[in-house]
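So the sequences go chain by chain: A and B.
For this note's numbering, count along the first sequence from 1 and bump the result up by 1.
For this note's numbering, count along the second sequence from 1 and bump the result up by 158.
Any given hint could turn out to be false.
Listed next, with one range per pair, are the computed distances between beta-carbon atoms [unchecked claim]: (1) A:E6 x B:E311: 33 to 41 Å; (2) B:P220 x A:N47: 49 to 57 Å; (3) A:F432 x B:G268: 21 to 29 Å; (4) B:Q273 x A:I78: 45 to 53 Å; (5) A:S157 x B:K175: 33 to 41 Å; (6) B:E177 x A:A296: 58 to 66 Å; (7) A:G387 x B:S276: 44 to 52 Å; (8) B:T228 x A:A60: 48 to 56 Å; (9) A:S132 x B:D313: 38 to 46 Å; (10) B:K317 x A:G387: 34 to 42 Å; (11) B:G268 x A:E418: 49 to 57 Å; (12) A:S132 x B:K279: 37 to 45 Å; (13) B:K236 x A:F432: 31 to 39 Å.
Chain A stretches covered by chain B per the calculated footprint, using a threshold of three residues with CB under 8 Å from any CB of chain B [claimed, not checked]: (14) 90-101; (15) 128-138; (16) 164-178.
No lab work stands behind these hints: they were computed from the structure.
Where is the CB? At the ideal position from N, CA and C, for every residue including glycine.
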Amino acid sequence: MAEVEKILTSRIGTKSSSDIDSAMQNGAYEALIKALTKMTPEQVLNEVKTANLKGRGGAGFPAGIKLSFLPKDKKSIKYLVCNADESEPGTFKDRLLIENDPHRILEGIIIAAYAVNATSGFIYIRGEMASGAKILEKAISQAYERHFLGKNIMGSGLDFDIYLVRGAGAYICGEETALMNSIEGKRGEPRTKPPFPANYGVYGKPSNVNNVETYANIPTIIEKGGSWYSKIGSQDTPGTRLFGLSGHIKKPGIYELKSNVTLRELIYDFGGGILGDKKLKAVIPGGSSVPVLKADEINVTMDIQGLKKVGSMPGSGGVIVLNETVCIVKALLNLITFYERESCGQCTPCREGTHFLRLLIENIEKGEGVEGDCEKILSICKNIMGRTICPLGDAAVMPVESFIKKFRDEFEFHIKEKRCLPETFKMTTIFSE
Amino acid sequence: MTKSSNELLSDREFLRKIEKLKKLYPEEKSALLAMLHLCQSEMGYISLEIQEFIAKELKLSPAHIKGVVTFYEMFFDKPKGRNLIQVCRTLPCMLAGGEILFEHISTKLGIKEGQTTSDGKWTLMTVECLACCDKGPAIMINDTLYTRVSPREFDEIIKDYR
Ligand SMILES: Cc1cc2nc3c(=O)[nH]c(=O)nc-3n(C[C@H](O)[C@H](O)[C@H](O)COP(=O)(O)O)c2cc1C
Ligand code: SF4
Ligand code: FES
């Protein structure tokens with residue numbers, strides 16, 4: 002079993018961990034003080050680059066490099082944005098950090114602000130996380146009281162404010178340019194890129210968007226050094242990740258592990274195996290938008306290289322487990338309905354494509370599918386992929402294509418026999434235990 | 159909870175909160191979502207009168223406000239029931255038993271998705287992943303999240319609502 006290293010969750014579980022006093026007793030803001038008193042902004046940025054910290058929001062872009070795209074001068078207005086929209090099905094890790102260790106997130110953002118001379122920051126939290134927003138609000142005001150935010154922070158000359166914005170129920174606002182529009186009080190419709198946020202972001206000013214978990218890694222990188230961090234676990238995704246296990250798993254929850262853990266270890270050693278003691282059928286390894294894996298494809302590490310070998314990716318770290326009682330057509334119908342409902346409607350391939358995909362898959366599920374439907378579905382996928390303003394179109398295609406390719410027999414069975422596979426008549430749920 | 163547009167517009171406390179929100183962000187427009195959340199929680203929906211009021215406050219067009227209100231799932235431009243039940247319908251919750259729970263709620267309250275009970279107490283909707291997939295089935299009633307909800311627990315939970 003892979004060795005367990007606690008970075009992100011080290012304070013979680015300690016008494017009132019979201020309170021600043023208790024967090025500070027356990028090391029909060031020490032890295033910030035170190036950065037402000039002993040390091041130059043360039044040194045801080047270099048440590049993040051050396052750490053090879055990869056974005057935890059889904060795309061896995063190197064955080065240090067993205068930060069360095071911002072203009073370096075001291076004068077211009079620059080915004081740091083923390084993406085706390087967490088809405089990718091199967092993903093629930095940011096909630097853990099927000100509710101239990103908000104000061105780790107704030108500290109990471111403030112250190113990043115020092116590194117790039119940012120003037121203000123926004124945390125964009127999804128509207129449904131009402132209690133998370135209250136916890137963050139309180140943490141922000143505590144950080145102001147202790148002078149970790151505001152003018153001339155700890156006498157360092159850094160001025161930095163953080164604003165909290167609550168979303169209002171729209172998955173698409175997790176996409177970084179939609180998120181910036183939403184911060185500006187607009188409909189959350191993605192913008193065409195270029196221009197990229199580093200040049201034209203919030204209010205048209207240079208901006209940098211990172212995920213909650215990405216920022217939360219920065220204090221440890223500063224405390225222990227980028228090269229220390231870069232050697233933990235996997236070479237392509239160093240550090241630890243918060244993997245979320247859900248679905249047909251005996252011990253669902255968040256597991257902080259190095260990403261050289263294998264999917265098999267994650268499911269069987271940490272997750273305790275398959276719910277209902279049934280056979281594993283499929284796993285979605287990184288949030289609903291990544292290609293699905295079959296039961297014999299789980300002997301891979303949970304990093305970029307490992308999952309690439311089986312045609313998938315680590316995404317947001319949300320692992321959804323499906324046992325043999327799941328009708329694969331029904332599971333895909335559930336997912337495509339999500340993308341249809343959450344498409345913002347700007348691009349025809351995404352708006353119409355997700356709609357027709359849903360109708361076709363729904364027909365197959367109802368026993369009204371006809372021969373050739375699978376080809377039709379795959380051809381619609383081709384016409385969405387890469388032809389839209391934002392990656393939601395691709396995100397809808399990836400599950401559909403992979404489900405059809407890997408479980409083609411089951412789709413054809415539905416089309417021919419007009420019914421589900423016998424073993425999927427009664428799906429395991431927590432109520433059947 | 160369910161004030162009328164006129165009541166709200168003459169409520170000093172409400173107007174004071176709106177003024178405060180206007181000054182909260184680097185640019186006034188960023189307060190729009192916060193203002194709409196406030197109106198939504200005071201009225202249960204966001205009436206045309208209120209949309210026009212907010213438009214004036216932020217120097218935006220009423221059409222812009224309507225565009226925003228209708229874009230976001232949490233904002234309603236028509237009245238709904240006193241309490242909103244949102245049942246998570248996405249895959250991890252479905253695997254946990256979300257459909258069984260939804261059927262139970264629908265039968266118990268005698269309404270389908272999108273409908274409101276005749277006494278105006280409940281509106282039932284489905285919602286996409288609530289970011290607590292390890293504890294499904296999940297539901298929200300107004301601003302409160304409930305996890306690992308069994309049909310029996312649901313019957314207990316709703317006793318606390320009027
Ligand atoms: C449709 C869509 C939804 C997204 N939702 C989220 C989200 O909820 N949280 C998040 O951090 N990133 C989300 N992303 C990715 C962001 O656009 C962006 O890449 C990310 O916040 C960058 O942070 P990172 O580099 O730290 O991962 C989403 C992207 C797309 C296309
Ligand atoms: S791809 Fe879909 S969600 Fe993205 S901008 Fe186009 S229509 Fe909107
Ligand atoms: S699927 Fe219901 S909370 Fe994620």
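Okay, the hints, checked on the actual structure:
1. A:E6 x B:E311: 33 to 41 Å: holds (37 Å)
2. B:P220 x A:N47: 49 to 57 Å: holds (50 Å)
3. A:F432 x B:G268: 21 to 29 Å: holds (22 Å)
4. B:Q273 x A:I78: 45 to 53 Å: holds (48 Å)
5. A:S157 x B:K175: 33 to 41 Å: holds (34 Å)
6. B:E177 x A:A296: 58 to 66 Å: Because 59 Å falls inside the window, the suggested range holds.
7. A:G387 x B:S276: 44 to 52 Å: Check passed, 49 Å falls within 44 to 52 Å.
8. B:T228 x A:A60: 48 to 56 Å: violated (29 Å)
9. A:S132 x B:D313: 38 to 46 Å: violated (24 Å)
10. B:K317 x A:G387: 34 to 42 Å: The hinted range 34 to 42 Å is violated for B:K317 and A:G387, with Cβ atoms some 52 Å apart.
11. B:G268 x A:E418: 49 to 57 Å: Violated, since B:G268 and A:E418 (Cβ atoms, about 36 Å apart) do not stay within the stated range.
12. A:S132 x B:K279: 37 to 45 Å: violated (24 Å)
13. B:K236 x A:F432: 31 to 39 Å: About 35 Å separates the Cβ atoms of B:K236 and A:F432, which means 31 to 39 Å holds.
14. 90-101: It holds, with 6 qualifying residues against the three required.
15. 128-138: holds (count 5)
16. 164-178: holds (count 8)
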